[in-house]
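> Sequence:
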Amino acid sequence: MRMRALIADDEPLARERLRFLLAGNDEVELVGECRNGAEVLASLKGLQIDLLFLDIEMPGKGGFEVIEQRGAAQMPVTVFVTAHNQHALHAFEVHAFDYLTKPVERERLQATLTRARERIASNAALLNQERLKQVLTEAGMRGGGGKEYPKRLLVPNGARDVVVNIQEIEWIEAADYYSCLHVGTKSFMLRETVKHLVNTLDPARFVRIHRSTIVNMDYVCEVAREGRGEASVLLTRGQRLKMSKNGWQNLVAASRSV
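Take the sequence shown: its letters are residues 10 to 267, numbered as in our numbering.
In case anyone wonders, no lab produced these hints; they're calculated from the structure. All values reported here derive from a predicted model rather than from experimental measurement. Certain hints may be false.
Lysine-lysine pairs mimicking DSSO-like chemistry, simulated, CA-CA at most 27 Å apart [unchecked claim]:
1. K254 x K204
2. K70 x K111
3. K195 x K251
4. K160 x K195
5. K54 x K70
6. K251 x K204
7. K204 x K160
Construct the complete structure from the given sequences, taking the supplied hints into account.
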């Protein structure tokens with residue numbers, strides 16, 4: 010499958026050079042060119058784009074503003090193209106895939122395309138995993154009336170996918186855009202936020218005791234009030250987790266609902 014690419018640059022000569030270099034590559038299908046950030050956002054909304062070559066400095070909205078407005082999670086594989094090396098660090102901070110300096114060299118571009126194909130294939134595999142996870146989650150819903158909650162999750166783990174039983178998750182901690190699921194002596198990274206999980210899991214069992222921590226009430230053996238506004242919970246395996254004031258209120262509410 011060919012990568013569908015979009016060029017975004019306000020300089021005609023820069024667009025022409027990239028167009029020329031991509032023209033001889035059978036792996037890439039150039040589907041459009043943009044001169045400013047507004048055109049980029051419109052193209053991303055209306056076209057299926059796998060690979061975006063994005064200039065950092067453009068009239069109106071530059072490359073960074075495009076990502077900010079679109080949202081990093083909604084961006085295709087993005088390669089910044091600019092004449093200013095000082096932007097490199099910021100580029101990677103906003104999750105750019107790669108960084109090319111003008112004038113773009115053929116060999117450097119080819120290396121980027123090779124890596125981009127691997128990334129796009131990986132993203133496609135992840136999308137399939139997410140779809141499978143959704144199917145598995147729906148199949149694991151509880152029956153009966155009221156709101157239903159998943160009984161298991163499908164978690165990518167290297168080259169394998171692991172089925173985790175919800176009831177075996179002892180606690181969950183935030184890790185940027187991921188959540189770390191602690192299951193016995195093992196831990197798994199799931200591409201979901203703590204905020205999303207706390208709204209997905211059964212609130213009678215899973216309680217958010219801190220902005221970055223969810224605990225399974227089945228594994229809580231002790232609650233300690235350590236001072237004014239300070240508290241913690243002790244789990245059956247010995248972990249002691251900090252609890253906020255709001256977390257204490259959530260825990261009390263969950264205890265009363267049991």
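> Take the hints in turn and mark each one as holding or not.
Comparing the hints with the structure gives:
| no. | hint | in the structure |
| --- | --- | --- |
| 1 | K254 x K204 | holds, 17 Å |
| 2 | K70 x K111 | holds, 20 Å |
| 3 | K195 x K251 | holds, 21 Å |
| 4 | K160 x K195 | holds, 19 Å |
| 5 | K54 x K70 | holds, 16 Å |
| 6 | K251 x K204 | holds, 17 Å |
| 7 | K204 x K160 | holds, 18 Å |
Hint violations for this structure: none, all hints satisfied.
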